[in-house]
Amino acid sequence: MTQTWQNSRESQNANWFKAVEHCHSLGMQLVTIESKAKNDEVATFINTTESYNKYNYWIGGSDLAQKFSFKWLATGKPFEYTNWSANEPNNANNNEDCVHIVHQPQLRQFWTWNDHRCSKELDFLCENIASPVSGDSSEIKFFK
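Taken in order, the sequence shown gives residues 1 to 144; the numbers are from the UniProt record's numbering.
Rather than coming from a laboratory, the hints here were simulated on the basis of the structure.
Computed Cβ-Cβ distance ranges for the label pairs, DEER-style:
no.: 1; residue 1: Phe17; residue 2: Trp84; range: 14 to 24 Å
no.: 2; residue 1: Leu107; residue 2: Ser25; range: 32 to 42 Å
no.: 3; residue 1: Gly27; residue 2: Asn87; range: 31 to 41 Å
no.: 4; residue 1: Glu121; residue 2: Thr49; range: 16 to 26 Å
no.: 5; residue 1: Gln106; residue 2: Gly27; range: 35 to 45 Å
no.: 6; residue 1: Arg108; residue 2: Ser25; range: 31 to 41 Å
no.: 7; residue 1: Thr75; residue 2: Asp40; range: 18 to 28 Å
no.: 8; residue 1: Ile129; residue 2: Gln106; range: 34 to 44 Å
Derived pair list, reagent style DSS-like, types lysine-lysine, alpha-carbon separation capped at 27 Å:
no.: 9; residue 1: Lys120; residue 2: Lys36
no.: 10; residue 1: Lys36; residue 2: Lys54
no.: 11; residue 1: Lys120; residue 2: Lys67
no.: 12; residue 1: Lys120; residue 2: Lys54
no.: 13; residue 1: Lys71; residue 2: Lys120
no.: 14; residue 1: Lys77; residue 2: Lys38
no.: 15; residue 1: Lys38; residue 2: Lys54
no.: 16; residue 1: Lys18; residue 2: Lys67
no.: 17; residue 1: Lys67; residue 2: Lys36
Quantities reported herein were computed from a predicted structural model and do not represent experimental measurements. Idealized CB from N, CA, C, for every residue including glycine.
Given only the sequences and the hints, what does the whole structure look like? Please build it.
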């Protein structure tokens, strides 16, 4: 099934934990990106919906359980596919445990990942919880 992306048109940013809570309150989860194809879909969705006026979105990865062992919150699986920005993850100030997708054209890094402090308020992306049978996530919403 082809994924359907949807702009929620709701206005809010949140720290990573509040973003998780908000997605769950909708029966959704922070976006999990386990392939280049999914990363490209997320990037295309943001580019066509946001007109490049937003550059940072929380996604569902963190190393909160164990430093530098990044896992997806939705599945508990370690990252296999990654798309880190140059010199990332770096755990700056020993305080960066949550992952966001970021657009940095000045550095020629387009929708790559960065570890960031979880308390930072950013926009975030939610997706339907995948069916355990089909693995299908048919709707994405983002919150800005």
